[in-house]
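**Student:** Sequence:
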Amino acid sequence: PKAEKPKAEKPKAEKPKGESKDAKAERLALEKELREAKALKEELAKLSVNEKEHLNIVFIGHVDAGKSTIGGQILFLTGNVDDRTIQKYEKEAKEKNRESWYMAYIMDTNDEERAKGKTVEVGRAHFETDVKRYTILDAPGHKNYVPNMIGGTAQADVGVLVVAARKGEFETGFDRGGQTREHAQLAKTLGVNKLIVVVNKMDDPSVCEGGVWNKARFDEIQERLSPFLKQCGYNTKTHVTFVPISGLHGTNMKDRVAKDTCPWWDKGSLFDILDALEPLDRPVDGPFRMPVVDKYSDMGTIVMGKAESGTVKTGMDLLLMPNRVPVKVVNLYRDEEEVQICGPGENLRMRISGVDAEAVLPGFVVCSAGRPVRSVNRFEAQLAVVDLLEHKPLFTEGYKAVLHIHNAVEECEVMQLLYEINTKTKEKKRTKFVKAGKLIVCRIRLAKAVPLEPFSDTPQLGRFTLRDEGRTIAIGKVLKLPKED
171 PKAEKPKAEK PKAEKPKGES KDAKAERLAL EKELREAKAL KEELAKLSVN
221 EKEHLNIVFI GHVDAGKSTI GGQILFLTGN VDDRTIQKYE KEAKEKNRES
271 WYMAYIMDTN DEERAKGKTV EVGRAHFETD VKRYTILDAP GHKNYVPNMI
321 GGTAQADVGV LVVAARKGEF ETGFDRGGQT REHAQLAKTL GVNKLIVVVN
371 KMDDPSVCEG GVWNKARFDE IQERLSPFLK QCGYNTKTHV TFVPISGLHG
421 TNMKDRVAKD TCPWWDKGSL FDILDALEPL DRPVDGPFRM PVVDKYSDMG
471 TIVMGKAESG TVKTGMDLLL MPNRVPVKVV NLYRDEEEVQ ICGPGENLRM
521 RISGVDAEAV LPGFVVCSAG RPVRSVNRFE AQLAVVDLLE HKPLFTEGYK
571 AVLHIHNAVE ECEVMQLLYE INTKTKEKKR TKFVKAGKLI VCRIRLAKAV
621 PLEPFSDTPQ LGRFTLRDEG RTIAIGKVLK LPKED
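Residue numbers (the numbering used here): 171 to 655.
Heads up, a few of these hints could be off.
[As the list claims (entries may be wrong)] The calculated BS3-like cross-link candidates involving lysine-lysine, where the alpha carbons are at most 27 angstroms apart (straight line), are:
1) K608 / K647
2) K191 / K653
3) K650 / K599
4) K407 / K437
5) K337 / K302
6) K429 / K400
7) K598 / K618
8) K650 / K602
9) K302 / K483
10) K618 / K653
11) K194 / K216
[Said to hold, decoys possible] Just the calculated beta-carbon pair ranges, DEER-fashion:
12) L588 / R303: 40 to 46 angstroms
13) E298 / E206: 16 to 22 angstroms
14) A619 / K302: 33 to 39 angstroms
Note that these hints are calculated values from the structure, not bench results. Using N, Cα and C, we set each Cβ at its ideal position, and we do this for glycine too.
Taking the hints into account, I'd like the entire structure generated from these sequences.
**Tutor:** Here is the structure:
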């Protein structure tokens with residue numbers, strides 16, 4: 171009997187050599203997917219020879235720093251809003267005793283925003299220069315609306331951090347509790363690696379003498395912000411540019427500022443700096459990934475979002491996660507125009523068949539059928555604990571918070587702290603709890619499964635923030651997912 175036993179077990183050992191039907195089907199599907207991705211990449215390259223690069227810019231910063239005004243001014247300067255509309259807005263703003271807000275009305279289109287002078291939703295608008303195409307995302311600065319701001323920033327490629335030069339106003343925005351800090355930190359987590367710091371209101375009487383912009387104030391702001399941005403993880407030498415402007419009058423935005431207004435500035439206007447940014451490297455032949463920002467019904471189901479990876483074409487079969495619903499692309503719209511094929515980095519509207527609009531939620535992901543994104547309810551993550559609440563000063567196992575990852579929002583709990591990483595020596599040590607300012611690796615459990623990926627595969631689907639009682643307490647990235655069953 172002993173001699174017979176190995177014989178009986180032999181076929182089992184050989185099984186991996188002869189693939190199972192499922193494994194073979196999976197392998198063939200993947201090979202087909204890779205071939206298609208390569209063909210799509212070539213097709214897209216032929217079509218986009220003369221295309222301008224597209225960038226999403228998000229305006230972030232403290233409430234009232236002038237984000238919407240700058241957005242409105244850009245649209246006016248690039249001819250996307252005519253003089254008559256501006257005059258109408260000027261009249262409206264005057265009637266509400268808000269004369270300096272008229273430019274912001276272009277971006278803040280609903281009545282609540284105009285009455286309060288605060289942006290609530292993420293405004294969108296498009297403009298072009300001779301070199302690139304841009305989409306402006308005007309994010310809310312008020313702290314009640316940070317979740318909206320996270321949604322907007324998650325789609326951005328470049329951040330424009332707006333700070334006001336006016337005496338006292340920069341300090342309010344930057345000191346503890348101001349939004350300038352939280353926004354810069356969130357922008358970095360959400361993948362905005364390039365930051366342009368716009369020092370707005372340089373023509374304010376408090377910092378402008380005899381019509382000449384004050385260099386000392388500009389330098390002071392730069393000196394105070396730089397160390398903080400470095401701490402957020404920005405390379406202040408290569409990835410951060412400071413530029414002085416006046417948003418209300420459009421000075422140094424499209425055209426360079428006149429020497430008599432600002433004799434000390436020679437690095438060009440805001441548009442010059444945007445156009446000079448190096449092209450981004452985008453995964454054209456990666457698996458297709460588009461987190462859903464919004465959806466509506468219009469002769470079928472329309473989903474909106476930013477393609478983060480891969481190329482999509484009309485007629486393609488895709489999967490909608492986490493529900494694994496097979497869908498087909500019927501029409502594709504980039505910004506406002508209909509296209510047949512589209513690469514990553516674009517804001518898309520996609521008409522899909524196979525699913526009702528009611529069944530789609532923000533945070534779902536439209537992805538390749540052959541290389542789908544996984545949907546999980548637990549994962550391992552690296553977390554930087556940035557700011558804990560006064561009455562919960564320790565971050566421990568069992569900590570409950572709200573997780574924001576791409577456009578998904580889900581309640582979560584920390585299951586296990588694996589170890590703390592010493593930020594200077596990179597040494598690891600086991601720990602039961604940490605205070606703010608520490609870097610840890612932990613396991614997180616979600617209330618419901620969410621489609622996400624390790625940061626190393628698709629950064630945009632692998633970085634997240636944890637918020638508690640309206641404050642950002644930690645920023646993190648997904649390291650690994652549990653093994654598939």
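**Student:** Hinted pair, alpha-carbon criterion (27 angstroms max): K598, K618. Please report holds or violated.
**Tutor:** violated (31 angstroms)
**Student:** Holds or violated: are the alpha carbons of K191 and K653 at most 27 angstroms from each other?
**Tutor:** Distance ~21 angstroms between K191 and K653 Cα, so the pair holds.
**Student:** Hint check: K618 vs K653, CA-CA at most 27 angstroms. Holds or violated?
**Tutor:** Holds, because 18 angstroms separates the two Cα atoms, which is no more than 27 angstroms.
**Student:** Going straight from one Cα to the other, do K429 and K400 come out at no more than 27 angstroms?
**Tutor:** violated (31 angstroms)
**Student:** Mind checking the alpha carbons of K650 and K599 for me, to see if they're no more than 27 angstroms apart?
**Tutor:** holds (19 angstroms)
**Student:** Can the restraint linking K302 and K483 be considered satisfied, given a maximum Cα separation of 27 angstroms?
**Tutor:** holds (23 angstroms)
**Student:** Is 16 to 22 angstroms respected by the C-beta to C-beta distance linking E298 and E206?
**Tutor:** For E298 and E206 the Cβ distance comes to about 31 angstroms; the hint is violated.
**Student:** Between the alpha carbons of K407 and K437, is the straight-line distance 27 angstroms or under?
**Tutor:** holds (15 angstroms)
**Student:** Within a Cα-Cα threshold of 27 angstroms, do K194 and K216 meet the stated pairing?
**Tutor:** violated (34 angstroms)
**Student:** Between L588 and R303, does the beta-carbon spacing fit 40 to 46 angstroms?
**Tutor:** holds (44 angstroms)
**Student:** Going straight from one Cα to the other, do K608 and K647 come out at no more than 27 angstroms?
**Tutor:** Cα-Cα ~14 angstroms, so holds.
**Student:** With 33 to 39 angstroms as the target window, see if A619 and K302 comply at their CB atoms.
**Tutor:** holds (38 angstroms)
Of the numbered hints listed earlier, those contradicted by the structure are 5, 6, 7, 11, 13.
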